[in-house]
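Chemist: In case you want the letters, here they are:
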Amino acid sequence: MFESERAGMTKLYEELVAVERDAGLPFAFVWRGRRYEVRDVIGRWRIEGRWWEDGRDREYWRVEAKGGAVIDLYEDRRAGRWHLERLWD
Amino acid sequence: MPTTPSSFVHLSVRSYFSMKEGAFSPEELAHRAAALGMDAVALTDRNGLYGAARFAAACRDAGVRPIYGAALTVRTMRGDRSVTVLAKDDVGYANLCGLISAAHMTGERGDPALTAGQVCARAEGLVCLLGSGSEPGSLAVAGRADAALDATRPYREAFGPDLLVEVVHRMEEGSEGEVRRLLALADGAGIPAVATNAVRYLVREDAFLADALECMREIVPIASYHVSRRNAEGYLTSPREMRALFAERPELCDRTLEVADRCRFDIGLGRIHFPQFPTPAGRSAGSVLAERCWHGLAERGMRPTKRVRYRLDHELALIQTMGYAAYFLTVAEITDDIRAMGIRCACRGSAAGSLVCYLTRISDVDPVRHDLLFERFLNPLRAELPDIDIDVESARREDVYDAVLARYGDDRCACVTMVDTYRARGAIREVGKALGLPEGEVDLVAKAFPHIGAHHVREAMDHLPELRGVNLNAGQLDTLFRVVERLDGFPRHLALHPSGIVLSDGDLVGRVPLERSFQGYRMVQADKDDVELLGLLKLDVLGVRMLSAMRHAIDEIARTEHEKIDLERIPLRDPATFELIRRSDTLGCFQIESPGQRELLQKFQPDEWADLIIDISLFRPGPVKSDMITPFLNRRHGREPASSIHPLVWPALEESHGVIVYHEQVMKVLAAIGGYDLAEADRIRRALGDDDEVERIRPEFVRRAALRGVDEPTAVVIWDKVVQFASFGFCKAHAAAFAVPTYQSAWLKANYPAQFLAGVLTHEPGMYPRRLILEDARHHGIEILPLDVNRSEPEYTVEIADDGSRGIRLGLKDVHGVSDAEIRSIQEARAERPFTDVGDVLRRTNVSRPVGEALAHAGAFDALPGTTDASRRDRLFTAMIADAPREGEQATLPFADPRPPASVLREYSSVERVRAELEVVGLDASRHLAMFFRPVLADIGWTPAETLGDHRGDQWLMVAGVKVASQTPAVRSGQRIIFLTLDDGTGLVDVTVFERVQPWCAKTIFHGFVLAVWGRLRRTGVRGVSIIAEHVWDIAALSNARKEGCLPEAMADAAGPGPTPAPVRKLWHASGGSAGW
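Chains U and P, in that order, are what the protein sequence lines are. Residues in the first sequence are numbered from 1 upward in steps of one, following our numbering. Residues in the second sequence are numbered from 10001 upward in steps of one, following our numbering.
Hints are computed from structural coordinates only; laboratory data are not their basis. Idealized CB from N, CA, C, for every residue including glycine. Worth double-checking, as some hints may not be accurate.
For the chain U half of the interface with chain P, some residues (derived, Cβ under 7 Å), not all of them [said to hold, decoys possible]:
(1) 20
(2) 21
(3) 45
(4) 46
(5) 47
(6) 51
(7) 52
Example chain P residues on the side facing chain U (calculated, C-beta under 7 Å, incomplete) [as the list claims (entries may be wrong)]:
(8) 10171
(9) 10172
(10) 10173
(11) 10208
(12) 10222
(13) 10224
(14) 10231
(15) 10232
(16) 10479
(17) 10996
Only chain P is shown next, with the shape it has when bound in the complex (with noise of 0.2 Å):
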């Protein structure tokens, strides 16, 4: 028999998508199939095509044939075997997706499984192989040749001429034998034998990835007796090398080219499978989605125009031919859907330049009002599918989820996968795990790599001063990095996709499979690049904050106000509104808070809502880098005269002044002087990225710019700075769309400011601690309410004084530790009768002791009427004691009424009573610091935060804190700078810490928790401090130290050299000064 590159195909590889056992990726494969001169090769994962889709486009570049099939689990009364199917037509393939999909979704999560019988009844279309790791298989391993014949038998009947045994030479000891038995399987049922090399990694160096994976997916200690190869003999070998090795037999290989002749299914990449939407007999989707837009000209009050008629016929037109209809109308069933669960939702993205978008209410801006282009978003040019972004709010993005799942059913709708892959640190743990390290060790070195990816750990290991001390030797921690770095991009496991919803057509479980996810979401085995490959179309639904902070303002002012709002009909040009942006008044609103937008705000002065698109476009990385934003300032401001390069632009660059801020405006600058039509002049705008393109378009630009009077050197001119700009330009659709609820937040907050900061402060929307939009709120002159356990509610919420000021109310979900039930548990004793004291709320509710020592330390049992005379400290004093005596319960403690006679203990000071709101909402950490590092901190010479502004530049100081934030950003010089910011109870302090200390500090800081630090204080502003580093401890190890009188001794071992605080000067001082320490 010729041994020709070709003349051997392998039917039995598994890639890394076989979860932790095969040590390659579906593209690798393709290439060292197509690099080992093969015509085709197999991919047969564990019950999954998750590489299915990636493997067909890898396969389509390198000129491999692929073929599709998996390793199917098969539950058997002797355990768990396993057999490999193959697709040879469309049949088989949706009958393999619908295998796939049983073993997931029956079983338990995890945990896939088939019977033989189930496998059997889906055989048509499927080729079937029977190995060593099948159930007849192994029993003819075993040597029970008549039960492996009898096991056969299923499978014969169902498969026919599909069914082969799969015979593997491993070149192990007891190789010879097991070949010898299967063929003897194989002759005795008449069932042609065909060879493979059970591949799980592409080269033979490799194969020490399959023992790491291996005992990863075991979590045993690698070692002989967990690793189940003996050699390294399974991977891609040659046609050669299998000839070779079946020298006796060449039957077997030459039957895989047979096999892989039959198997001629194609995924059909590319090819757009569009979803159904139900329409009345004899109408088309198209003429439906037609119909609503008209209606929709009436419901949004729009003036069916020539220019809004012309505009809707175009969109209607591109979108009917490109075969969108349906999902159009489907997308718009869903919002309506979201809409009719009283639930906010706003469209996101290039979608919301479409007009059909903004009358079938997926979109709710104007798109012919803010001159917005269909052709960005939908492009016929372009062979991309249409991608709607849909927020909601957050807070019941489950339920939109569900909703859409129950409303178009398992076969057509599921969500999108994500693969979460290996990074470094994951990573260093799991091997080291396996490899036995001590976890201390692996720990440590584990923690020095927060991000970065697996593949950069050797570099990174050579820069961090703080793994200098790690106690492992450098060939164990060669080892560990050798597998890890290999592990880089390998998936680890597979999740629900934050947003990504496919909408497809009843044919979907036969072209993808499903399995559940953690949280018993069906979800494709695709991810969001796969979904596109397979010409899936979806929908994302993404969980926004601010929706749902603005659903709470609405709902506060409902209950408070008696005012019900309409966001979408709030007026646009409400000058409270603006003169709130304008005095960037703006912290909690959308888009525009952070300190850069604020400061933007302030030189920009917007007073219309188009201004707020400009605004939200330019504050972003490039225009702020390029510095776009002054000459527009200047501009907007008649600073500079606001002009273009040419007339025939300026329409295009009015609105911004004539500066190019938006992707829209280099369109139409391409379509006015090029004279392209906008959907070409789209593709020249995406390829603008590229310079070989920029140089191959320019010529003709100007060609064609002649054509319209414009002479050379100016459209040389216009096409510069549009290539420049094209790289900055936002999408102006995007920033319409963010620009809704920018305004509508600013309107709340102008407006209703208690009712919108409570919303604020219950869902986080932003950037800002809770404790800056406290302070926000008192700033605008809104209580802040401290928490009563009579009058909270789980959220923040509002009430109104006598005086008719507004105040807010903390709420209950932010004490430290307390449960749904627990809250609910006091609501329902609550509105039996008031609490009368402390007891009373512990009597009745299932409050537990912590959180009721929490609600007590946060004062929410200060307004109680039977407690007034006691101060807090013995109100949590009786939480502390009182193992409450529940309602109905024999009271078995002193304090069957732990109502303290007297008051005896101190009141909470007014700091402390600061402090114990702060930990009610989030800062519990800083309880640690307050409650139990005094003693150390006054021993120390702590300056507290908020006393930090009133200290000279240079000043050595002694702050401390609890670590809320570290940085470690890339800095031009190379040099590794450190930012950290500590929080004492009192403030914020920033920390600084440059390399040259790092050897001494870096450990400590990204280890511990509390921190102490030296160092010299720098300003950085009018009252902007920040602290430069020399020593750094952690605060837990010094306070120990102290408590064995030993704490000048414990600074002293932990600082490096230079100079040094007090107490260690001390120290050294009687000690004789060594530094040795």
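For reference, chain U alone in the conformation it holds in the complex (with noise of 0.2 Å):
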């Protein structure tokens, strides 16, 4: 109910990003060739599994960026890699 209200608001991306750490935390991500600040860690979870298929393992943030979108980060933390997941409108 939650989700599935919200789900339709969003946008699927699954595009790689760089980003920028401080602290352990989110600082910064480069998108499509610009730079967004981070102003807030909305939330923080971490997904693992589906060892039978591709065998995930990812970390995600939801931050706020500078300007009020909100976006989901995640850290693919087998390949080292960050991906922007999507973005709530």
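Each of the two chains sits in its own frame; use the hints to bring them together as a complex.
Modeler: Right, dumping it as structure tokens:
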């Protein structure tokens, strides 16, 4: 219920981003050539599993970028790469 | 807040005893917690304390303080919820046991549950944690704060300050919200909150096991939508990690230490809980036992010599000091009960070395006469509980259980549990299913692993040619095995232990939870090792078929000969019995019927009871391997002088001509030369398996020997001999106990062969198939009387012919597919009046058509007066087509009187009659071969087993039959050899399959049921032959191919390279000889 209400207002991207960290927290990220500063970390969670398929292991950060956009970033901990998964409008 | 390693205690942890949930053992938990530097850790399995004893032992070893608890299922209107409770003290642990027992005993088996009211009624001494899985917690998480608050009320009232809200931060997307709501509930209700990590695996890397277990539990395929975890955070986290997770609320972690501090219950490992035995006012169990023993002297007709009196006093004093008097009285009462029920029983094992056991009639072996040692059984120097094993008639074992459980009641008596763990085969099937792999392929893989532990699957995989064709890719197999090898040793389910019964005081239910077995027996949540750790005394009641066979023989003797046999009073030096033993005519006799034993009997030529004890002791792998037997036999028959190294040891070894055969002799030699008392000698005997101990004790032994005038070289030789034989020796008391049924069965066979063999045929106590026993009966001039619907009883019975000869009538129970109800209806109908013809049988009984066919086929209708002119085939035909109109029913079929007008069908040949008889006695499988595969056998050039002896060695032959046994023993060369035994209805064929041909044979051998084998004949003895396999086929497949007209092709298809039989060669010849099929 909660999830699906919001699902309609998001856009999925799954694109690689570069993330700058400060004391472990995402501080800024570069997406499509533009740098966004993180104003606040709203949530953080981990996903691991599907070992019978791709064996993903991700740490998610839901951040508010300067300007008010809410963005889900995740670090693929096996590959050591960051992705921008979705943009909450 | 400092985050020292010990600054957090896990209070919610589920091991693999939370069946198909936790992914580790209680032992692993203890050691992991210690490695993380924790002072204490809790084990809280789902509705069980199965792991409690071993958890306690492992924590003691690891230096961690155990906290005992459980997650209890609480049934609510909205479904099943769960609370975690922890025991603070003895009262709390008793309440915990009581709650778990209540959950299991009141609900349906396998679905334990309590109400909140039940939990709250037994709150004393318990800490209760309400997490998101509890009713209040789940309401809070769902956002229903008021309802949640309401639901806490009964718990608050019951648990007071021992109620806490359990908060788990899973690092999942919704975790923060969940934590917030639970904390709000805690604050609103004024309940303190505590952090846990709801641990299901010990390290992050093992999270996959939790998924596999969860999906196996729910029987769903492993997929994201079936797996409840979203990450691998549910492991045994370190205090630092927990502190970091709850950095904003450090008090949640602090409180785990406070709770741990409250939970100070000690399970008391090694503290013995003696059973109670009600005694008259003012009398101790010890004095009642003594009195009973003195009475026993008279009952047993034993003269109270000085030696006997001294021995009895000695035993009674030890029993009294160790506190076991009530235990002996209880066991004696049980054996009295068993006998009073008319059930034969016998004591086995070292307990037979006790005079107290003999005088209380627990055992029937006189330890004074056989010179058995009490210390071998009960040793004050050993912290081991006495363990008495009672054998009873296998057919009456459940009656004995019922009687024992009923007499001692729920509060002090229950069965022992057996933990059934995952083996390779079962694990592959379950995991394969959960992984969604094709069933056929998984089955193929599973069948390749019959008896190995699950952790050996990978290495085994590489060596099994029959698996090379499996259509699973490497990735799938790897995933499958990754889970399977980790499941090794995981409990799969709990079953009733086949023999153990716990006897305790009235506090049993407060020390261990009870649940119900599949058959409805109450059993403790503890296996036999746990029972020992928990200091509970048990009695083993084993069902022994030989006792049932002898019971049947005695009943048959009473019925047919009108003689009442009391096996306890038969002559012990019966010449006929020893003659039978000496000519090794011992098929069917207890312990002495195997081919190896019979060979030994012939060489040994026993002529008294003591010889039987030696014989049983000698015939075991140790003595046979170390060739103890040859020197013994040489001395016995005077081919070698009987002597001993030193006169002091002679008294101990005289009975076996100077050869050490028994444990008791090892003890006596140690006592005679080293001057030890027998208890000390037994302790040393047990230590002799350890090389370090041997080295440690040796100088002391030599020193002590010198004091008794034994010089050092002699003492060293004696010591070395003792060390060498200690491991091979056998417990004489055990052998003496076994010798009782051995002699009794031989006596029965020597004096009442027909009745005895009828008992053996009915209860099948031994190693031989019925056919061999029937053959043995014929050798003894006993006629085997065919099945007869008017005369056969359920069991094998004896009939005395007019000329006085005895015959054994085949029993109805072995007719293929027959039910007890059908047998009863036959017995009832013929009691009214004998059957006259097939139609009469079918009308007046409720025999089903297949059973009617089986009866006709086996000749049970041959002797019916109304059908003497028809052939068995006619009667079979009648039974097959007549859809029997029952008594009182309207006939609706043409055969209202299903009696054929005249004999129209050919009578069974004699071979067919024999075969039909074999089918009835349990070889129904050969029926398929005989009846359905005859045509294909003819086409492939089958050689019957009975004619194999007529062929010369090295001849190529085609044999066939039902696979009755296959073995793949470890062979020294490392080669895998498969030994197969086929039964073709005319006899058995031994087949040897060498590794060379296994690539094209193994799969068929392991998966086929009826096989054809082409190979070379090898002579293994005068009449013994075996076939060295070259090709193996599945006959069912060949038969189908034959019907489709492509038999040669099918044979070529399945054959490997190398020489081939005629049909295949013919084909190759005709088609140009391509080997490419």
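Chemist: Run every hint past the structure and note whether it holds.
Modeler: Here is how each hint holds up against the structure:
no.: 1; hint: 20; verdict: 22 Å, violated
no.: 2; hint: 21; verdict: 17 Å, violated
no.: 3; hint: 45; verdict: 5 Å, holds
no.: 4; hint: 46; verdict: 4 Å, holds
no.: 5; hint: 47; verdict: 5 Å, holds
no.: 6; hint: 51; verdict: 4 Å, holds
no.: 7; hint: 52; verdict: 5 Å, holds
no.: 8; hint: 10171; verdict: 5 Å, holds
no.: 9; hint: 10172; verdict: 5 Å, holds
no.: 10; hint: 10173; verdict: 5 Å, holds
no.: 11; hint: 10208; verdict: 4 Å, holds
no.: 12; hint: 10222; verdict: 5 Å, holds
no.: 13; hint: 10224; verdict: 6 Å, holds
no.: 14; hint: 10231; verdict: 4 Å, holds
no.: 15; hint: 10232; verdict: 4 Å, holds
no.: 16; hint: 10479; verdict: 6 Å, holds
no.: 17; hint: 10996; verdict: 38 Å, violated
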